[in-house]
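**Student:** Numbering (the working numbering), first residue to last: 42 to 454.
I should point out that these hints are in silico values taken from the structure, not numbers from a laboratory. Being a predicted model, the structure only gives us computed values, none of them experimental. Glycine included, each C-beta is placed from N, C-alpha and C at the ideal position. Just so you know, not all the hints are guaranteed correct.
Simulated restraints on C-beta separations [unchecked claim]:
| no. | residue 1 | residue 2 | range |
| --- | --- | --- | --- |
| 1 | T214 | C150 | 45 to 55 Å |
| 2 | T205 | S225 | 10 to 20 Å |
| 3 | T311 | S225 | 22 to 32 Å |
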Amino acid sequence: MDSGAEGDTPDVGALDVPAVERDVSEVGVDVPTAPMDTGPDMPVIDDRSIDTGSADVADVADVAEAGAGTISRTCAAEDDRTTVCPSGQTVCGGACRNLANDSSHCGSCDHACNLTNATSACQASTCRVVTCFSGYADCDGNPANGCEVNTTTGNVANCGRCGTRCPTPAGTTAVCNGGTCGVSSVICGAGTGNCDGMDRNGCETTTLTDAANCGPGGMVGSAAGRMQGQCSSTGGAAGCTGGACSITCATGFGDCGGNVANGCETNTATTTVTHCGTCGRACPAPTGGMATCVGGACGQSCSGGLTVCNGACVNLQADTAHCGRCGGACAAGHPCVAGTCARCPTGMQLIPAGMFQMGATDLEDPGTSAAPVHGVQLSAFCLDATEVTVAAYASCPSVTCSTPRIDAGCNWE
42 MDSGAEGDTP
52 DVGALDVPAV
62 ERDVSEVGVD
72 VPTAPMDTGP
82 DMPVIDDRSI
92 DTGSADVADV
102 ADVAEAGAGT
112 ISRTCAAEDD
122 RTTVCPSGQT
132 VCGGACRNLA
142 NDSSHCGSCD
152 HACNLTNATS
162 ACQASTCRVV
172 TCFSGYADCD
182 GNPANGCEVN
192 TTTGNVANCG
202 RCGTRCPTPA
212 GTTAVCNGGT
222 CGVSSVICGA
232 GTGNCDGMDR
242 NGCETTTLTD
252 AANCGPGGMV
262 GSAAGRMQGQ
272 CSSTGGAAGC
282 TGGACSITCA
292 TGFGDCGGNV
302 ANGCETNTAT
312 TTVTHCGTCG
322 RACPAPTGGM
332 ATCVGGACGQ
342 SCSGGLTVCN
352 GACVNLQADT
362 AHCGRCGGAC
372 AAGHPCVAGT
382 CARCPTGMQL
392 IPAGMFQMGA
402 TDLEDPGTSA
412 APVHGVQLSA
422 FCLDATEVTV
432 AAYASCPSVT
442 CSTPRIDAGC
452 NWE
């Protein structure tokens, strides 16, 4: 166009605007105010990052006509801007990452899984525990705090593993050492005792009622309660009341000594004539015999074939008061012979059964074959009335009789 023509716009030199391929926050282009109907078209700014709404290029004149003096936008980091990732992945640090399972970028870029006391992994965009370090456990199920519990030391609610609560026996304090439950020193209160000597079950015994460990209790330490007494159960059933021993005797036994420590020591059924059937019941002995206790009932016995009659041992074969049986008395003058009452013939005298001494000593008759002096038991017999009786002879030495002669004129032989 001619520059001097009427109504023409003067020529303006072309602007040299090079293509831009860079990430900038502001792109400014000065646009002249000279008429734009003459002269060459403006160069195109080749910046594909500018969204014009209809094309990938922007005409500077169009921008100027819109009244914009500058072009500006905010861009991502250079690497992230130029990286295109597959579906389901996100650019983190210039690399495509799967935020659902990347342990270094779990759920978001640079969110690394590094859970406490554990090896961890990213699952469904959340850091989760894979394995706990030795001696630790995830007891609350919260992945955010990892394996939060030390199961080896100190945690009595989770000792050795989650949920293992250490028991606290009476008189103790629970502890967890090396993953194993235990207790502190045992301190037993009154009426209790550590009678088995095992600290782990504490003061396991009630000493006020335990017949095997009966006493006041209340001792301290691993020997707590072990000095309590074991109640005797001899002859009965032991008991413990208020820390004191007692006993209930079985049938046929009695605590006749009154000492609960030796139990029901007396057999009242078979062995003791001083406590027959019950404590304190003594059995009487017959004259010449002995007392017995059988089945808790008193009895009497005699030796040598004798029989108890009216509290005395008698010979039923010769006793005229008990001839053949207790109370079977013979009439006067009738001897008891072989258990039967007999009558002596006329002119004969009944000599009752009895014992007399006979023989001699060396002082009386040195070298005599009659030594020693010994007793002779005689049954009742009939003797000629003119003969000297045993009773008559026995009275001689104590009155006036002299020792009888032993010659042809003596009737004692």
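**Student:** Hint by hint, say whether it matches the structure.
**Tutor:** Results for each hint:
Checking the proposed 45 to 55 Å range against T214 and C150 shows it holds: the Cβ atoms sit about 50 Å from each other. For T205 and S225, the hinted distance range of 10 to 20 Å is satisfied, since their beta carbons lie about 18 Å from each other. In this structure the supplied range 22 to 32 Å is violated for T311 paired with S225, their Cβ-Cβ distance being about 55 Å.
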